[in-house]
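**Student:** Each chain, letter by letter, is given below.
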Amino acid sequence: MSENQSYTIRVWRQDDAQAAGKFVDYDVKDVSPDASFLEMLDLVNEDLTRDGGEPIAFDYDCREGICGSCGCVIDGVAHGPLPGTTTCQLYMRNFPPGATITVEPWRASAFPVIKDLVVDRSSMDRIIMAGGYISVSAGSAPDANNIPVPKPEADLAFEAAECIGCGACVAACKNASASLFTGAKIEHLARLPQGQAERARRAQRMVETAEAEGFGACSNEGECEAVCPKEIPTRVIQRMNRDYIRAYLKMI
Amino acid sequence: MLDGKVPGGPIESKWNRHIGEMSLVNPANRRKYNVIVVGTGLAGASAAATLGEQGYNVKAFTILDSPRRSHSIAAQGGINAAKNYKNDGDSVHRLFYDTIKGGDYRAREGNVHRLAEVSVNIIDQCVAQGVPFAREYGGLLDTRSFGGAQVARTFYARGQTGQQLLIGAYQSLMRQVDAGSVELHARQEMLDLVLVGGRARGIITRNLVTGELERHMADAVLLCTGGYGNVYYLSTNAGNTNVSAAWRCARRGAYFANPSFAQVHPTCIPETGDYQAKLTLMSESLRNDGRVWVPKKAGDERSPDQIPDAERDYYLERRYPSFGNLVPRDVASRNAKFVCDEGRGVGATGRAVYLDFRDAITRLGQETVAEKYGNLFDMYHHISNEDPYSVPMKIYPAVHYTMGGLWVDYHLQSNIEGLFVLGEANFSDHGANRLGASALMQGLADGYFVVPYTLANYLANTQLGDLSTDAEEFKSAEDVTEKRIRTLLSVDGNKTVQDFHRELGRTMWENVGMARNREGLTQALKDVQGLREEYHQNVKVVGRADNFNKALEFGLRVADYMEFAEVSVRDALAREESCGCHFREEYQTKDGECLRNDEEFSHVSAWEFTGADKEPVMHKEDLTFDFAEVKQRSYK
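From first to last, the protein sequence lines stand for chains A and B. Heads up: the first sequence begins at 213 in our numbering, then just goes up one per residue. Heads up: the second sequence begins at 465 in our numbering, then just goes up one per residue.
Hints were generated in silico from the structure; no laboratory data involved. Misleading hints may appear alongside valid ones.
What the hints assert, rightly or not - Keeping only pairs whose Cα atoms sit at most 27 Å apart, straight-line, the calculated DSS-like set for lysine-lysine is: (1) 241(A) x 959(B); (2) 760(B) x 550(B); (3) 363(A) x 1004(B); (4) 990(B) x 1004(B).
Stated by the list, open to error - Just so you have them, the derived chain B footprint on chain A, three or more residues with Cβ under 8 Å: (5) 216-226; (6) 234-242; (7) 261-267; (8) 381-390; (9) 434-443; (10) 450-463.
No residue lacks a Cβ here, since even glycine has one placed at the ideal position from N, Cα and C.
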């Protein structure tokens, strides 16, 4: 085990959606390299609390990289320096000792700031509401093995279904596009025989909802894939575009 | 004596016959009924979606920013179902029997059999939703054996089964939100239950963004808020998982059943320091191929590759030759504790054992091992900074799941009429120990296939008067909540909420953990009471009530843990036997296994809250086993 280190963190503080925000610096001393990034923020918050200050607000829940709650832009990169990683899965050993680390919320007009590093991502729920499902009510399903799915197709569906809905793709995109997120759901369901019946309507409604929610269009930079903690590939965006156009041409 | 109201007749046909006996609500009348669902994990999301599909007016609440984040998402290993697709001798009866035995005969037979019956429908439902379960090359579903089962009945989606099932339920839920049958309230925390005429008729919530208190009224309340594992501070539970909603119901009169039952999962990444906020689980599917061992000699500090096989103790294989590394969770955890207590633990703290894949890699090749466990190995590498392909994993048990919960009858209704409790939040199906891959099964069984029937029966048979949220009951519940918040913010003491929580957790882990005894529990009772008193005099909760304030959220939750912990300790004290997770050192066999006392303790203990400074009252529900033969559990 290596020695404890000190850092300076430069954190975006903002009281609420209306307030103006600003960066505030905090010194963090004596942090174990095995502490996670969020545990480091916990330590800062404990100190702030003892001094009567307001702790830094940030979202988190599972702290094992699967719930999608956490997420900040760290030194300019959504979810920080390691590829394929959520913010909660960063460890202080991933930062050079003594470093100044800049921490900001996701920035996108479809993600208004609630407080400090916490943003409102309900716009993503509304994209799912617009068709990110298969309409099957409980009780009406046939026996599970009546629907064979070739393993390679099932694996591709799974790869897209791994999306955790964290919003990093949006934060990384200069257009604040939710195409990777939307495409992942469209791809997941379009790969499966169960998903065919609603495929056209799903693509149409989801894409249009994303636009109405204020997410931008995709301009093929690939920044989303680079920061995606689940490494969802941009081929899902091609699927989304194809299904969307084909829906209009009534080809599916 | 409590009555579980299990219908009579042969166990195989109880549920089906009972479905025919229960009353229905006319489809045209369903929209006149308002149902509140608190929590949107597997149980809550599946219940809210299904009730929405059936035409009820549903309001669903989650403390998180989206239902998709609930902690069911973190379940890794899989979901059991008695499909017998592998033709290996599985059946509904076998799943029923395994669950009863695995729970060490402390679960209710009728509920468990129903669970085994509907397990097959769950898989059908999830596949139809598009849940991408693992498949074989022929395109059909793959299954594996898991957590002490001798048949391969566990369906899985790599190491992310919980995620895929939750996303399936979430999508069904969002479909109903879109259809207008479910109103979704995210970032809302239930802070009280409102009773009118003795029945559950609503809740008080706090909007976690604006701090506003809100009154919500309904004809029934479904509580689907998970377990109390975080009373131990460190657990594999998510940070926001808490007992508060359930405890607030307990304070309104709902009985809390078996509150000392907590499952300690054997394969977690060991603790490293005080700064730690949680422990991370490594799926127990790893025990299918990993071998658990410690050095034979205490204090052996050689690196694992320097310890020859003859000087290693594969203690699970040695003590349990027929189940080996696949013994149930309680047994595996206890044995890890025992070898560490003997000074044979490994790692920096000596509180860890090896989980070694050397032989599996030699036998199957690294590629096959990576195919099976790749994401788990990566996760381990990431957290511990060691490569499990070349160095054995270090693991140690951690609190993972809680079998206890609010008492419910066969209809999943608590002793408060109109309050239904689903999933981990109730106590009903897992007895004193839960088998692997059964939590997901239970959550979805309750939500998709049980409560839609039993709730209809309740609504159809109950005359509920007109009500408005201006009623005195709502006002007084809101006043109590408002005062609680104001008081907590005004203490302005010297210790943080986390300081207290950590201290409470340590007391609970040491005394109400893997091994318990009278002396420790008696001390723990005093410690917990003292800590609770100190909490209300010396806690420092900063910030305001009228905005986003995590310190306040946690402050309220830890206050509830303080009260809950006391009843948990009392329950452990009162149960003078060992069963499943509840290992009382005074009651053990010569081999150090659990010694049950079926004569005196074949019951559920359901605790009634009578006041924060008063002793709770214990009610019993006798457990009778008419269909499963009661035996000493043996995995030798």
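**Student:** So, for every hint listed, does it hold in this structure?
**Tutor:** Tested hints:
1. 241(A) x 959(B): holds (20 Å)
2. 760(B) x 550(B): At roughly 39 Å apart (the allowed maximum being 27 Å), residue 550(B) and residue 760(B) break the hint.
3. 363(A) x 1004(B): violated (55 Å)
4. 990(B) x 1004(B): Status holds; Cα separation ~23 Å.
5. 216-226: It is violated, with 0 qualifying residues against the three required.
6. 234-242: Result for this restraint: violated, n = 0.
7. 261-267: That given contact holds, which follows from 6 residues of the region 261-267 of chain A lying within Cβ reach (below 8 Å) of chain B.
8. 381-390: Violated - the region 381-390 of chain A has 0 residues with a Cβ nearer than 8 Å to chain B, which falls short of three.
9. 434-443: Three-residue rule not met by the region 434-443 of chain A, so violated; n is 0.
10. 450-463: violated (count 0)
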